[in-house]
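Peer 1: Which chain is which? The protein sequence lines are A and B, in order. According to this note's numbering, the first sequence is numbered sequentially starting from 6. According to this note's numbering, the second sequence is numbered sequentially starting from 17.
It cannot be assumed that every hint is accurate.
Computed footprint of chain A on chain B, listed as stretches where at least three residues anywhere in the stretch have a Cβ under 8 Å from a Cβ of chain A [said to hold, decoys possible]:
1. 85–96
2. 176–182
3. 205–217
4. 367–374
Heads up, simulated EDC-like pairs for lysine to aspartate or glutamate below, C-alpha to C-alpha not over 16 Å straight-line [as the list claims (entries may be wrong)]:
5. B/Lys49 / A/Glu207
6. A/Lys183 / B/Asp92
7. A/Lys309 / B/Glu322
8. B/Lys252 / A/Asp30
9. B/Lys44 / A/Glu91
10. A/Lys230 / A/Glu207
11. B/Lys252 / A/Glu91
Derived by calculation from the structure, the hints in this document are not laboratory data. Beta carbons: idealized from backbone N, C-alpha and C, even for Gly.
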Amino acid sequence: MQPKLKSKVRCTDREIGEVTRVIMDPLSQEVSHVVVSMNGSGERQVLMGAVHTITDDLVQLRSSSAEVTALPPFKREDYVTLHEVEIPGLERHVHVESGEVLVPLPELERNVKRRTFFANLTYVTGLFIGLPLVYPVLKFLMNPMYASLDNRWLMVGNVAKVKAEDVGTQFQYKRRVKEAYMPESEIEKNVWVVKATPAVLERVYQGKDLEFRDAAGKSIWTNKKDIPYLAFSGKCPHLGCGFKWRNHKVLGPVFLCPCHLSIYDASGKVLDGPAPRPLDMMPIQVSASGEVHIIDMEFKAGTKSQTRIV
Amino acid sequence: MSETPSAGTQISVAERVITFVDERVGLKQLTAKMLNESVPGGSRWAYVFGSILLFIFIMQAVTGVLLMFYYVPTADHAYASTQYIIHDIDYGWFLLSYHFWGSSAMVLCVFAHMSQVFLWGAYKKPRELIWLVGLGLFGLVMLFGFTGYLLPWDQRAFWATTVGVEIMDKVPLIGDFMARFLKGGPTPGQMTLSRFFVIHVMVLPAALIGLAGLHLFLFRCAGPAGPFRGTAMELKAKTDYFFPRQIWKDIVGMAVVFACISGLAFWEPVVLLDEATPDPGDYHPEPEWYFLFIFQHLRLRMFSGEFGQILGSIVFPGLLGLVLVFLPFFDRSPERNIFKRPIALIGWVVLTASILLFTVSAIINREFLD
Numbered sequence: 006m007q008p009k010l011k012s013k014v015r016c017t018d019r020e021i022g023e024v025t026r027v028i029m030d031p032l033s034q035e036v037s038h039v040v041v042s043m044n045g046s047g048e049r050q051v052l053m054g055a056v057h058t059i060t061d062d063l064v065q066l067r068s069s070s071a072e073v074t075a076l077p078p079f080k081r082e083d084y085v086t087l088h089e090v091e092i093p094g095l096e097r098h099v100h101v102e103s104g105e106v107l108v109p110l111p112e113l114e115r116n117v118k119r120r121t122f123f124a125n126l127t128y129v130t131g132l133f134i135g136l137p138l139v140y141p142v143l144k145f146l147m148n149p150m151y152a153s154l155d156n157r158w159l160m161v162g163n164v165a166k167v168k169a170e171d172v173g174t175q176f177q178y179k180r181r182v183k184e185a186y187m188p189e190s191e192i193e194k195n196v197w198v199v200k201a202t203p204a205v206l207e208r209v210y211q212g213k214d215l216e217f218r219d220a221a222g223k224s225i226w227t228n229k230k231d232i233p234y235l236a237f238s239g240k241c242p243h244l245g246c247g248f249k250w251r252n253h254k255v256l257g258p259v260f261l262c263p264c265h266l267s268i269y270d271a272s273g274k275v276l277d278g279p280a281p282r283p284l285d286m287m288p289i290q291v292s293a294s295g296e297v298h299i300i301d302m303e304f305k306a307g308t309k310s311q312t313r314i315v
Numbered sequence: 017m018s019e020t021p022s023a024g025t026q027i028s029v030a031e032r033v034i035t036f037v038d039e040r041v042g043l044k045q046l047t048a049k050m051l052n053e054s055v056p057g058g059s060r061w062a063y064v065f066g067s068i069l070l071f072i073f074i075m076q077a078v079t080g081v082l083l084m085f086y087y088v089p090t091a092d093h094a095y096a097s098t099q100y101i102i103h104d105i106d107y108g109w110f111l112l113s114y115h116f117w118g119s120s121a122m123v124l125c126v127f128a129h130m131s132q133v134f135l136w137g138a139y140k141k142p143r144e145l146i147w148l149v150g151l152g153l154f155g156l157v158m159l160f161g162f163t164g165y166l167l168p169w170d171q172r173a174f175w176a177t178t179v180g181v182e183i184m185d186k187v188p189l190i191g192d193f194m195a196r197f198l199k200g201g202p203t204p205g206q207m208t209l210s211r212f213f214v215i216h217v218m219v220l221p222a223a224l225i226g227l228a229g230l231h232l233f234l235f236r237c238a239g240p241a242g243p244f245r246g247t248a249m250e251l252k253a254k255t256d257y258f259f260p261r262q263i264w265k266d267i268v269g270m271a272v273v274f275a276c277i278s279g280l281a282f283w284e285p286v287v288l289l290d291e292a293t294p295d296p297g298d299y300h301p302e303p304e305w306y307f308l309f310i311f312q313h314l315r316l317r318m319f320s321g322e323f324g325q326i327l328g329s330i331v332f333p334g335l336l337g338l339v340l341v342f343l344p345f346f347d348r349s350p351e352r353n354i355f356k357r358p359i360a361l362i363g364w365v366v367l368t369a370s371i372l373l374f375t376v377s378a379i380i381n382r383e384f385l386d
């Protein structure tokens, strides 16, 4: 039991005053001292060790009144109150007031039945407000996520730019885009064109023409297996960076992606690095005058299979 | 008048204002309670990182709001408005560069703060909730870095986002949805910029303020853990309050961090690359330095192919995250001394060393690419 404030303090010989304050030990979170007002002659700080018994309104000490009086006066400035300090959990351990501290319950709050019902009603009302919003908000946020695919042919340059066989040549082109409310604008993209030798062509097509189909399965275009020009999407199938044509010390001239060092040969086959599939082929047409046309396609990176997203 | 106080008891206007407020909200008691937080074992330099993080966040918020006075989050003006801030607005280059380097400082201090808590064993009972909320804050800081990186709309911004979102795309089942949801379409564009902008300037700050408040509240409930050595009595003998010794150390730490960020902003101001476009040209895409180790480890052969990629970009980081989340629940021994927790010590050293190793090797790799 903790000593209560205002309790009388009695020594072995006589009563000497009352408890005015208690001092808590922040470590043990127990009362360590009581401060006793000496009936007008100052305050003394008495160790709990000197306390013999505690009852509701009396603190009985083991010492005599002369011993307590001989203690040095209590120094208030060495302490802060509980309200001015933050010691986790301490307040829960304090039971020094004489009795409970109460606040009256308002008239209307007495005998309220169905408290749980009202609490649940609050949740249900909240749900009525929130639930109808979920779908509209999701749709609101998701709106532009899926765009239809565009199968227009784009002119990207002249094949005269390709100087040698089995060498990657980059063609930069501009693509007009119109995004939602934005004014129509041009973005720069690139495609790699390879004039392939029959050996490389064989590795690419393996004797079969390459047919491109739209989502409904309708044929868009077929790259013929004997046309020597190949077009690779400029997007690395690993994680979507832009790769380059570089001379590798061991592997010779290759497509190299600087991001995660995927390496592909002129046929787009993965030679080294983390890429999960070969470079992505695109539909290509070369006109009699040498103009190169492609259908701009982008595929999801990082998967073994090809999924077109643009 | 007779009430006029004598010269000795003259009350200044400031004191009157304080008294006025104090009578209404209990200001003095509240201030005392805030400052008189006992620090077991006494104040230490090791404890400064939490306060420093709060300071950096406030500075990021201030510089961020200032930047928004001129920045326009549209695909056709983001780049131009950022260039305008850098080249035409007085001190625009400085505020932008401060904001840029501030994010790096934030990541470094988060790492220091988490390491300190980990090494001191301060995540253990009864402080598990502080640790969990702290992990949430760590995630927010990384998201801040990731979303903010796109806003200048230059090549660096565009490619870091392209690759970052592709990584998110690798999450099984919901990856495609998440990536499209974040981009607002199949490829990065205006919708992506709008989304990243609103996430960066509204969603994340609101979340961070909320979580940081909760973090502090939980910290105050449990109290500081104190050193891992020494008996309770020894610690009690050395205990002091948050004010003045710890606050003094904190403010010195903040000043040092401020000087470092300002110095970097001054001597290494932000320079934009070309405007964002899906053709990288000669640019070698690379994320911000604090993501370099993830970037580099995805180059490892063991993470090649579709499965390897899921392993490297989702499973591995996900497992590390899970270990951190469940750490206080399976590491239940009350022992906090790091020198008596060999697994924890080795784990920390290995993780830190491999982050350093991958970061450095990513930097060394740069020159082989040209």
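Peer 1: Next, verify each hint and record whether it holds.
Peer 2: How the hints compare with the structure:
1. 85–96: With 3 residues closer than 8 Å to chain A, the stretch 85–96 of chain B meets the three-residue bar; holds.
2. 176–182: holds (count 3)
3. 205–217: holds (count 3)
4. 367–374: violated (count 0)
5. B/Lys49 / A/Glu207: Measuring from Cα to Cα gives roughly 80 Å; hence the hint is violated.
6. A/Lys183 / B/Asp92: With Cα atoms ~12 Å apart, A/Lys183 and B/Asp92 stay inside 16 Å; holds.
7. A/Lys309 / B/Glu322: 6 Å, holds
8. B/Lys252 / A/Asp30: Cα-Cα ~10 Å, so holds.
9. B/Lys44 / A/Glu91: 14 Å, holds
10. A/Lys230 / A/Glu207: 8 Å, holds
11. B/Lys252 / A/Glu91: 15 Å, holds
Violated hints, in rising order: 4 and 5; the structure is consistent with all others.
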